[in-house]
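K.L.:
Residue numbers for the sequence shown follow the UniProt record's numbering, beginning at 1 and rising by one.
Keep in mind that the hints were calculated from the coordinates and are not lab data.
These numbers were taken from a predicted model, which means no experiment stands behind them.
You may find that some hints are simply not true.
Restricting the straight-line Cα-Cα distance to at most 30 Å, the calculated cross-link-like pairs of lysine-lysine (DSS-like) are [said to hold, decoys possible]:
id, residue 1, residue 2
1, Lys45, Lys61
2, Lys46, Lys61
3, Lys61, Lys48
Listed next, with one range per pair, are the computed distances between beta-carbon atoms [what the hints assert, rightly or not]:
id, residue 1, residue 2, range
4, Ser25, Ala56, 17 to 27 Å
5, Asp37, Lys61, 31 to 41 Å
6, Lys52, Glu8, 14 to 24 Å
7, Gln4, Glu59, 36 to 46 Å
8, Leu16, Leu41, 33 to 43 Å
9, Leu50, Ala10, 12 to 22 Å
10, Gly35, Leu12, 30 to 40 Å
11, Asp53, Ser32, 39 to 49 Å
12, Gln4, Gln40, 36 to 46 Å
13, Pro64, Ala33, 21 to 31 Å
14, Ala56, Asp5, 33 to 43 Å
Glycine is no exception: its CB is placed at the ideal position from the N, C-alpha and C atoms.
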Amino acid sequence: MQVQDHAETAQLLAELRLEHRDLDSAINQLASAIGRDELQLTRLKKRKLLLKDHIARLESKLIPDLDA
1 MQVQDHAETA
11 QLLAELRLEH
21 RDLDSAINQL
31 ASAIGRDELQ
41 LTRLKKRKLL
51 LKDHIARLES
61 KLIPDLDA
């Protein structure tokens, strides 16, 4: 992986982690609200899981391959 690719991946990873934290806060607020929208809550949780998977793939990409 080139240095520029590594920097871009790290930047994207930071942005996704921030979005993941923001979704976590939004989910917690919506879950505790009276008369909450279950459909919206489900969508936010699904988006959070997709972000988690994307973050895991990017973290894996940053780890150098080792020849065994």
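K.L.:
Which hints from the list above does the structure break, by number from lowest to highest?
P.N.:
Structure breaks hints 7, 8, 11, 13 and 14.
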